[in-house]
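Colleague: Sequences and hints are given; from them, build the entire structure.
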Amino acid sequence: MTAMRFRQAIVTALSDEMESDERVILFGEDVAAAEGVFKTSEGLFDKFGPVRVRDTPISEMAFTGAAVGAAMMGMRPVIEIMFMEFLGVALDQLVTEGAKMHYLSKGEYTVPMVVRASCGAGLGFGTQHSQTLENWVAATPGLKVIEPSDAQSAYSLLRAAIQDENPVMFLESRILYAERGEVDTSLKMEIGKARVLQEGSDVTVVALGNMVNVARDAIADAKVSADLVDLATLVPWDRETVLNSVKKTGRLIVVEESPWSGGWGSEIISTATTEAFSALKCAPFRITAPDVPVPYNGTLEARYIPSAVHVSAALKAAVESNQVLKPWWITEGVSK
Amino acid sequence: MTAMRFRQAIVTALSDEMESDERVILFGEDVAAAEGVFKTSEGLFDKFGPVRVRDTPISEMAFTGAAVGAAMMGMRPVIEIMFMEFLGVALDQLVTEGAKMHYLSKGEYTVPMVVRASCGAGLGFGTQHSQTLENWVAATPGLKVIEPSDAQSAYSLLRAAIQDENPVMFLESRILYAERGEVDTSLKMEIGKARVLQEGSDVTVVALGNMVNVARDAIADAKVSADLVDLATLVPWDRETVLNSVKKTGRLIVVEESPWSGGWGSEIISTATTEAFSALKCAPFRITAPDVPVPYNGTLEARYIPSAVHVSAALKAAVESNQVLKPWWITEGVSK
Amino acid sequence: MMTSLERRNALKGNELAWYERMLEIREFERRTNELFAAGLIRGTTHLCVGQEALDIGLATTLNPDDVLAATYRSHGVALAFGLSSHSVMAEIMGKATGCAGGVGGSMHMCDSTVGLLPTSAIIGGGMPIAVGAALAFQVQKKKNVGVALFGDAATNIGAFHESLNLAAIWKLPVIFVIDNNVYGEYTRIDLSTPIEDLHLRAASYAMPSIKVDGMDVYAVQASMQEAVDRARRGDGPTLVEAKTYRFSGHSRADQALYRPAGELEHWQKRDPILLTEQALIKKGILDQAKIEAMKTKIVNLVDSAITQAQADPEPSAKDMFSNVFKEMRK
Amino acid sequence: MMTSLERRNALKGNELAWYERMLEIREFERRTNELFAAGLIRGTTHLCVGQEALDIGLATTLNPDDVLAATYRSHGVALAFGLSSHSVMAEIMGKATGCAGGVGGSMHMCDSTVGLLPTSAIIGGGMPIAVGAALAFQVQKKKNVGVALFGDAATNIGAFHESLNLAAIWKLPVIFVIDNNVYGEYTRIDLSTPIEDLHLRAASYAMPSIKVDGMDVYAVQASMQEAVDRARRGDGPTLVEAKTYRFSGHSRADQALYRPAGELEHWQKRDPILLTEQALIKKGILDQAKIEAMKTKIVNLVDSAITQAQADPEPSAKDMFSNVFKEMRK
Ligand SMILES: Cc1ncc(C[n+]2csc(CCOP(=O)(O)OP(=O)(O)O)c2C)c(N)n1
Ligand SMILES: Cc1ncc(C[n+]2csc(CCOP(=O)(O)OP(=O)(O)O)c2C)c(N)n1
Ligand SMILES: [Mg+2]
Ligand SMILES: [Mg+2]
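So the sequence lines, in the order shown, correspond to chains A, B, C and D. Following UniProt numbering, the numbering of the first sequence begins with 1 at its first residue and continues without gaps. Following UniProt numbering, the numbering of the second sequence begins with 1 at its first residue and continues without gaps. Following UniProt numbering, the numbering of the third sequence begins with 1 at its first residue and continues without gaps. Following UniProt numbering, the numbering of the fourth sequence begins with 1 at its first residue and continues without gaps.
Hint data in this document are derived by calculation from the structure and do not stem from the laboratory. Virtual Cβ for every residue (Gly too), placed ideally from N, Cα, C. Among the hints, erroneous ones may be present.
[Said to hold, decoys possible] Simulated crosslink set (DSSO-like; lysine-lysine; CA at most 27 Å straight-line):
#, chain 1, residue 1, chain 2, residue 2
1, C, K326, C, K290
2, D, K290, D, K269
3, B, K336, C, K318
4, B, K326, C, K318
5, D, K283, D, K297
6, A, K188, A, K223
7, B, K336, A, K248
8, A, K193, B, K326
9, C, K318, A, K193
10, A, K326, B, K336
11, C, K297, C, K269
12, A, K47, C, K318
13, C, K12, C, K295
14, A, K188, C, K326
15, A, K247, B, K193
16, B, K193, D, K295
17, A, K223, A, K336
18, D, K297, D, K318
19, C, K283, C, K297
20, D, K295, D, K283
21, D, K211, D, K171
22, B, K193, A, K281
[What the hints assert, rightly or not] Covered by chain B, per the in silico footprint, the following chain D stretches (three or more residues, Cβ under 8 Å):
#, region
23, 103-117
24, 130-141
25, 163-169
Modeller: The structure is reproduced here in structure tokens:
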């Protein structure tokens, strides 16, 4: 076990994979000489040299597609999309090309590539640099989507993603980069398996990325007996673990940084309702960001992100009185 | 009332708006001289001339952004993205620029633009030309999303979209273009209002675009008493109408052409469960396409799209025995 | 039955075989058009009639372990690369025996044994992928090249610009081939593009470029050879512009009524098959009798491929769920 | 308090005012840097030190009803366009009084009264929008122009290519201005781009282009005037490349250690403020005493703007829900 920051866990996973598999190459904007704007490729350029670690021009479409082509020719490219929003100029190559090449070739070509992207609010980067945007990629058959919640899962899941034979979208909660955690580099994690971080009897809390930490704090604060499920993989998500938990607890709350409309949490609620309807003791519900562009102002941005205080209140409402806690903007009357 | 094809309803709406408001301009690939690859701009170039009706180069990013800029300067551009997939090379301009300009300008600039795009499977266009892809745009605060189901709603909602002060994504089920329907050009429809096409007591069926027609056939076939709710607007969707219906019937089935994972229907189920939990008599569920790229082969493509036969069976299962009908690929054992 | 690779290798240094394959492409497209009109093919098709010299020029200059990222207009290049008429037609008909198992259709040709990457139906879709393939070759220190083949109108999409720049700055062994057939859908290139010689855009990337008569298979080969040699030498990418002409409409039922009078006829005088025919006759390796025999052979070959494809089985429901994800080695 | 428009108009034909506004920009950025270091500004900032001549050159050549689509590096151009130091600083501090009401931040400047469109934090984001504004002007038969201002490294994004082509084919009154400050983030332009003179890319679109010394406000004005005249005459777009230099790091705490030794010093000799100062002294309209007085005035002006911004209220929770959608007229 080694203590390291989340961003160092990323570096270490990249380094370990590059060492053990020479097919792994890394490219993106300022990932080489500058070691990444979030220092997620520290030391890699020095260690692996300019052939395997490359700076690209500002051309997300070209370098995302270059990863697809290189992967089809036997490499295992990892690329960095600095902020998830930038995929908006390159979505085609990942979703419409990369994710469909295996299918369109009767399985003759494979596309083992990883697209890393930082995401999420909380650092004052404003509305075009703060969203999570899982929805852009989550309904893409042929593409896996991962979002780790701590240094250990960042490390283990990034290695699993690089080893995977398929294109993987790897979302990194930007606010976690500086967070420290213990990492056991021998620990393997499987894509598609949720992590039950804490077990309890009265409510199931499902979260992803940094919201896992918010949920953990909330559970502690509310002093409820909860299963905390870190989904970790969004596509394909671990239906079995979630459903078993819901069948046990009878209550379900999803905590997500997505907007109220269109967020991924609906799928968890919807599936759980369909599959575990008779086990439900009360209405399952989501705690999300509001339907607004991410505001820059710090106070507003802090309100934008689901807070442990709010999630705690929601947990109590559900466990103590089988009630749904409405979003704060409704209860406070600031919006519909 | 005039009988016209769905695509003619589009033409007529465009023509009527262009006549009544000279700020309306239209551009896209082959929309002018060739009148649109689906003939959705027939006659408009002749009628309104080359200043207001323009062919663009194959540059979706540039012309989508050009619509944003023109809208901010007082025009009301309507653009055509020939197949929804092509937005994958231009998403940034609609979602990250256009939808945020009003917010970022304290309301000083408005972006009254409409992005029309054809979508959906069934015509043998293969995997890169057959998806509905609502998920790319549906979680975008600042952007409305509309998907009409027949000639009347195509006409009335397109006019409403053009008159709206905000950016609107207007999705057209490609398979409907040739379908005929009665159109009353004086009929106004409001964005954000669902249409209850048929009333019943035992189950609520929610659908969008062409799936509304599939649902209608299924209801007739199953001989159940159902509320058929044509959502018509996906963002912002009509919670009130759906919830009132579910509270009345106690059962909910959503029919969608989206994939099983990540489709918009989850949001309907999730919201209805949260808001109308105690009214539910049985588990609500979705009928969707499977999690595969859209296959070209006609037999497979027909299976890909939810069928009236399957929806009918689902209706019966729900109404007659409060059962959930599993997806066919599970019951038939062809996939998990 | 010859494999794709055998059919590809059969073209090697065999000028008669080039001619014959061009006849096959022409006949294949004629039948495709007919079948579509008869309702026996669904969806859409994009014929390559008039572009046979470019397809053959590419196939004969590249090696089978080089790779090509092409477009929806790829029946011809697929046949040139070695795929059988049966394999391509079965795909167009959505049969399990098609080169993509019937799930791809006319716009999605593929055969890894001859380096044909799944063709893309998105404008600009294949360019970055060819760049990436070339990147792999460079890293792997292989002498292979990646080729992107696309239309004139595709030079206006952002991916074109980004791909050329990236290829240039990384000095990748990639060749960008513009099939300038004068039209993008129903729009003449001059209406969407302010310059006529599209290869001049290479200057923006300090990239060498070549303009070539795309109707002349020998000229195409010479230009491609120059570009291929540069790439294999490690001297980076080339932009090649082949001047061709789309003899057919854009797709399906398009009658191309928007063409100026006489334009088609003008180009038909430079029909690539005609030009090859004349060259081979001049060289004394082809005569009228051989032509007739070959044409008969090809008509029969394509016909029996179609008959076979029609009789072939459709993919099963299970096939639709295959190859979405590659299963992991355990 | 002067309005933005008044501050903009105050620059008209007043060379001393140009100089003073350049001083204001420089001082504003110095204080921004300081406040960021002190933790009083969150998120990120992108300073424009060294680029003041370009900002002033743009603001003084364009009319207030022309529009500009710029980038995250826009404090300077916002001040040049007329926004007050208070309005810009309040935005950077996320205050309700900021030019975007505090929900935008440093990367999102806006003021419709002087034609400053919301600046984009996405590379290439503003270019198509400027094209669209120009399209509106053309349709409306207005004599206005749209301008896109962006960096050297932004010439490698697809939107650049598509925007220039569309503007050229439609002959739109739009001007593309490359602020070639030699770096894109931490990467020198020659590492990402195979040509040095980026304006040469205009040739791909048969578009006229101009290279200009971006450190010389008079030169910038002359070039911009040429481009603006062409646009207003209806003769279409121009690509202008201003050679500048980024005196600061890319953003926030970047120390720009990747710069070759002596490069910064070389460019500092051509500091745009210094050059303007020398020119005005030579013309006899500026002297050392005036300079001192102006500097003191500006230091105080910026300081009190900051003090005021700091004391200003934050937006309320309700403000966060405003302006997501424009409500319909009933
Ligand atoms: C991104 C994108 N935009 C639009 C289309 C629709 N489309 C298909 S083919 C075509 C014309 C392409 O012309 P060109 O590049 O010259 O190739 P050609 O068809 O002549 O071979 C267009 C606009 C598409 N497939 N992808
Ligand atoms: C599409 C996209 N990719 C990457 C970025 C990250 N990014 C922000 S600024 C920048 C460098 C831009 O350099 P340049 O265009 O020269 O402008 P400058 O910052 O020098 O003014 C990059 C890569 C972005 N904002 N958008
Ligand atoms: Mg063409
Ligand atoms: Mg720069």
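Colleague: Please go over all the hints and tell whether each is borne out by the structure.
Modeller: How the hints compare with the structure:
At roughly 48 Å between alpha-carbon atoms, K326 (chain C) and K290 (chain C) are farther apart than 27 Å, so this suggested pair is violated. Taking the CA atoms of K290 (chain D) and K269 (chain D), the gap is near 22 Å; set against the 27 Å cutoff, the hint holds. For a cut-off of 27 Å, the pair hint linking K336 (chain B) to K318 (chain C) stands: about 11 Å separates their Cα positions. A hinted pair counts as satisfied when its Cα atoms are at most 27 Å apart, and K326 (chain B) with K318 (chain C) qualifies at roughly 17 Å.
At most 27 Å may separate the alpha-carbon atoms for a hinted pair to count; K283 (chain D) and K297 (chain D) meet this at roughly 22 Å. A distance of roughly 31 Å separates the Cα atoms of K188 (chain A) and K223 (chain A); the hinted pair therefore is violated under the 27 Å criterion. Between the alpha carbons of K336 (chain B) and K248 (chain A) the distance comes to roughly 23 Å, so the proposed pair stays at or under 27 Å and holds. Distance hint between K193 (chain A) and K326 (chain B) is fulfilled; the C-alpha atoms sit about 23 Å from each other, no more than 27 Å.
As the CA atoms of K318 (chain C) and K193 (chain A) are separated by approximately 25 Å, the hinted pair is consistent with the 27 Å bound. Of the pairs offered as hints, the one joining K326 (chain A) and K336 (chain B) is violated, with about 35 Å between alpha carbons and a cut-off of 27 Å exceeded. For a cut-off of 27 Å, the pair hint linking K297 (chain C) to K269 (chain C) stands: about 25 Å separates their Cα positions. At roughly 46 Å between alpha-carbon atoms, K47 (chain A) and K318 (chain C) are farther apart than 27 Å, so this suggested pair is violated.
A C-alpha spacing of about 21 Å is found between K12 (chain C) and K295 (chain C), which places the hinted pair at or below 27 Å, so the restraint holds. For the suggested pair K188 (chain A) and K326 (chain C), the alpha carbons sit about 20 Å apart, so the restraint of at most 27 Å is met. Using a Cα cut-off of 27 Å, the hinted pair K247 (chain A) and K193 (chain B) is violated, with the two alpha carbons roughly 36 Å apart. Straight-line distance between C-alpha atoms of K193 (chain B) and K295 (chain D) comes to about 60 Å, which puts the hinted pair past the 27 Å bound.
Proposed proximity of K223 (chain A) and K336 (chain A) is contradicted: the alpha carbons are some 30 Å apart, above 27 Å. Of the supplied pair hints, the one linking K297 (chain D) and K318 (chain D) is violated, its CA atoms being roughly 38 Å apart against a limit of 27 Å. For the given pair, K283 (chain C) sits about 22 Å from K297 (chain C) by alpha-carbon distance, which is consistent with the 27 Å threshold. Restraint check for K295 (chain D) and K283 (chain D): satisfied, since their Cα atoms lie roughly 19 Å apart, inside the 27 Å limit.
A hinted pair counts as satisfied when its Cα atoms are at most 27 Å apart, and K211 (chain D) with K171 (chain D) qualifies at roughly 21 Å. A hinted pair counts as satisfied when its Cα atoms are at most 27 Å apart, and K193 (chain B) with K281 (chain A) does not qualify at roughly 32 Å. Judged by the Cβ-Cβ criterion of 8 Å, the region 103-117 of chain D is covered by chain B as claimed, because 7 of its residues qualify and three suffice. A count of 11 residues in the region 130-141 of chain D with a Cβ less than 8 Å from any Cβ of chain B is obtained; the coverage claim is therefore met, three being the minimum.
Given as covered by chain B, the region 163-169 of chain D passes the check, having 4 residues with a CB less than 8 Å from a CB of that chain where 3 are the minimum.
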